[in-house]
Structure formats: C-alpha cells, structure tokens
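Position one of the sequence shown corresponds to residue 1 (this note's numbering), numbered consecutively onward.
Bear in mind the hints are in silico, worked out from the structure with no lab data behind them.
Keep in mind that a hint or two might mislead.
[As the list claims (entries may be wrong)] Restricting the straight-line Cα-Cα distance to at most 20 Å, the calculated cross-link-like pairs of lysine to aspartate or glutamate (DMTMM-like) are:
1) K189 x D210
2) K259 x D293
3) K151 x E218
4) K275 x E218
5) K157 x E383
6) K294 x E243
7) K283 x D255
8) K175 x D67
9) K143 x D183
10) K175 x E214
11) K187 x E218
12) K151 x D191
13) K349 x E313
14) K205 x D240
15) K259 x E214
16) K151 x E341
17) K294 x D279
18) K283 x D293
19) K205 x D67
20) K294 x E310
21) K189 x D261
22) K259 x D67
23) K175 x E243
24) K143 x D191
25) K349 x E310
26) K144 x D191
27) K157 x D261
28) K283 x E313
29) K157 x D183
30) K113 x D34
31) K151 x E313
32) K175 x D210
33) K113 x D91
34) K275 x D261
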Amino acid sequence: MKLQQAIIFFGIVFAVYGLVNYYIYRRVIPIVPDNYRLIFTVTFLFVVISYIAGRFLENYWVWYVSDLLVWAGSFWIAIMFYTFLCLIIIDLFRLINYIIPFFPSVISENPDKDRRLITLVVSVFVFIMVAGGFFTTRLITVKKYNLSINKNAGVLKSLNIVMASDLHLGTINGKRFAYRIVDRINKQKPDIVLLAGDIIDEDIKPVLRDNVGEALLELNARYGVYAITGNHEYIGGVNDAVEYLNRHNIHMIRDSYVKIDNSFYVVGREDWNSKRFADYSRKPLNEILDGVDKSLPVIMMDHQPFQLNEAMENGIDLQLSGHIHNGQLWPVNYIVGMIYELPWGYMLKGNTHYYVSCGVGGWGPPVRIGSRPEIIKITLNFE
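Can you make the complete structure from the sequences, with help from the hints?
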C-alpha cells in the first residue's frame, strides 16, 4: 500500500475505532462507582489498544505478550460492537422520548435504578452474543452440492471438489485449528482441494513460530491442493505468504491457470487489493484465459466476489469465492447483502455456477453470529 493511501485508510479506521470507544466510555463511566473509576479507565484503555498493540508487536516480537494482546483485543472488538449497538438503540429511544414523551413516569422517577437495570440487561445480552458466537466458530459444517456442467472432461465423469476459504491462520487460528480443518477436508475424500484466499491472517511470523504449515502438509487429494491470494496475504506480505504456502503442499495460482489431467482447468485470480497493497494490477480475465480450451470444464477461484458477470461472459463454468464471511457479526450480514450481488451461498447465472463461502475461519474476533464456518464439497458431473 502506498504511504499516502495507508495514512488515509488507517487514519479513518483508527478515528472511527477511537470515536466508538470514546462514546462507550462516556456512556458507561457515570455508572461506575467513584472508587473504581481509575481501575475501570485503565482496564478500558488496555482492551481498547490491545488488538492494535498486539498486531504491531507481531511484526517485531512474536511471543506470549503479543498473543495475549491479540486475543484480548479480538474479543473486545466483538464486545465493543454489540455494546455500541445497544447504547445507540438506548440513546435513540431516549431522543424519541425527549421529543415525544412516552416512557412511563416510573422510569423518570428512578434514573439510578434504571441505569443499573439497563447495565445488567446490556451486559447479559453482550455476554450471550459473544459467548454464543465463540461457540459457533467451533461448529464447522460441511455443505454438499451436486452440480452439472454440460461439457466433456476427458475420462472424468465427475470431480469431487472440496473448497475452503478464509482460514486466517495465525495467532487466533493456530496449528490445532489447522489440523481440525485438514482432518475435515480429508474425510470428504477430495479429488482436488481448492483454497479461495485469506489462508494466512496477517503477519506470517505467528505461523512460522508455531509451524502451522505442518498441518497443511497432511492435505490429501488426487490432483493436489491449489490456492489463490486474498487481501490478507497482501496485508501481511504477499511474497512471504506465497513462498510459505508453496513450501507446504499448496500450489498457488496467481493470475494464471493450470490444466489438470488433460480434463479440466483451474484458474486463479490475484486479489482485488493487489494494486492497493503491492502496486500490482491483476490481469484482465480474458488475458488470463488466453490459451484455455473452453470445451473442457473451467473452474475459477477469485477471492472477492465482485463483477460476477465477468466470469459468465468469459465462459467460466464454476467460480469459487470467499472474503465476505457473510458479515461474520450479525447484523452486518444485512449490510453486505446490499453491497454484493451474492454475499453468501450458491447461484446459477447463465451457464456459470457460483459459490461464495462464508469461510471456515474469521478475521478479528473469534466470534460468528448469523453464520456457521463451512467447508464446501461440490461434486461436478460432466457429460
């Protein structure tokens, strides 16, 4: 990312993050007893800066301190999000009541008691949401699809594809998580494994320290394991990430294609953010496909599901994407649903099949609300 763009981007992110936390602090501090306010303030500041500090330390010193900060900060992001939503709703009702009074008189007569009750209700709600969301991240589901492509694929009559996206391997999703994913994938007996980006979370140092790639070596598929870059490979350093994955049983396809067993093609596109983070403009799809025999099935991975028509117009039979996590935290799923044509799930458009996965890992908080982590098994049937 160019320096000027980085300053603007992170400046906006930190400003919004700071304002949200300041709003929460100003709303909560009045109900904290005087003799506990210093402790509360110090604790609040710790959790607010912990994620940023932990990610910063990972670039220079990966150890238990950075792990602690990242874990604490990750959970705080989810707690902050739902606390902010609750406080906004409460303040909205207060504003409406100020304009058009409708609260029962008993509420106005007992403000201190009401604050304590509201604090209890909000705390219980946020705890249930975050704890439930943390539990949900452990409930990995395997979704199965049978799709037909009206093409001949050499000697193949069908192809068993197992696809996963957004593993986000690193501090939060470490070696044990990777082994669980590998085990679930191998149990599907794949002919080919496709990983649609964001395999590594951010900086690669936690992955190196814990030798997470050891688990990836256990992936077993007849035609091998293929993957593409996502935006997080670029955030953490794309060259180091690609080199590491190539050394650990993952064949990275970067704006190119692979012809497999003279029966089908796998196309891999570079991430949309390549220009922003590495000053690399990904190739146009028609240029990538130059030399592809489209009488054979063509499967494409593109991490971010933008401009879906492009795949259809270029004769792609199946596009696999990820990135969006279906919002990851409810109700963000409704917002991404207004931004993307297909934020999650399956769609047939023309003769092109699309699947956008909500991912098997997650960014930031190890919390999912509104969607379960998933691995996709697609049986492609040919003529």
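How the hints compare with the structure:
1. K189 x D210: The hint is violated at about 27 Å.
2. K259 x D293: holds (9 Å)
3. K151 x E218: violated (32 Å)
4. K275 x E218: Given pair K275, E218 is violated - Cα atoms ~33 Å apart, limit 20 Å.
5. K157 x E383: holds (7 Å)
6. K294 x E243: The hint is violated at about 30 Å.
7. K283 x D255: Measuring from Cα to Cα gives roughly 6 Å; hence the hint holds.
8. K175 x D67: holds (14 Å)
9. K143 x D183: The hint holds at about 15 Å.
10. K175 x E214: holds (8 Å)
11. K187 x E218: Holds - the C-alpha atoms of E218 and K187 are around 12 Å apart, at most 20 Å.
12. K151 x D191: holds (18 Å)
13. K349 x E313: holds (10 Å)
14. K205 x D240: Roughly 10 Å between the alpha carbons, so the hint for K205 and D240 holds.
15. K259 x E214: Cα-Cα ~27 Å, so violated.
16. K151 x E341: Violated, at about 27 Å.
17. K294 x D279: violated (31 Å)
18. K283 x D293: The hint holds at about 19 Å.
19. K205 x D67: holds (12 Å)
20. K294 x E310: Roughly 15 Å between the alpha carbons, so the hint for K294 and E310 holds.
21. K189 x D261: holds (18 Å)
22. K259 x D67: violated (41 Å)
23. K175 x E243: holds (18 Å)
24. K143 x D191: The hint holds at about 16 Å.
25. K349 x E310: Within the cut-off at roughly 11 Å; holds.
26. K144 x D191: Between K144 and D191 the Cα gap is close to 15 Å, so the pair holds against 20 Å.
27. K157 x D261: OK: K157 and D261 at ~13 Å, within 20 Å.
28. K283 x E313: holds (16 Å)
29. K157 x D183: violated (26 Å)
30. K113 x D34: Holds - the C-alpha atoms of D34 and K113 are around 17 Å apart, at most 20 Å.
31. K151 x E313: Roughly 17 Å separates the two Cα atoms, so the pair holds.
32. K175 x D210: holds (7 Å)
33. K113 x D91: Satisfied, since the Cα-Cα distance of roughly 17 Å is no more than 20 Å.
34. K275 x D261: violated (33 Å)
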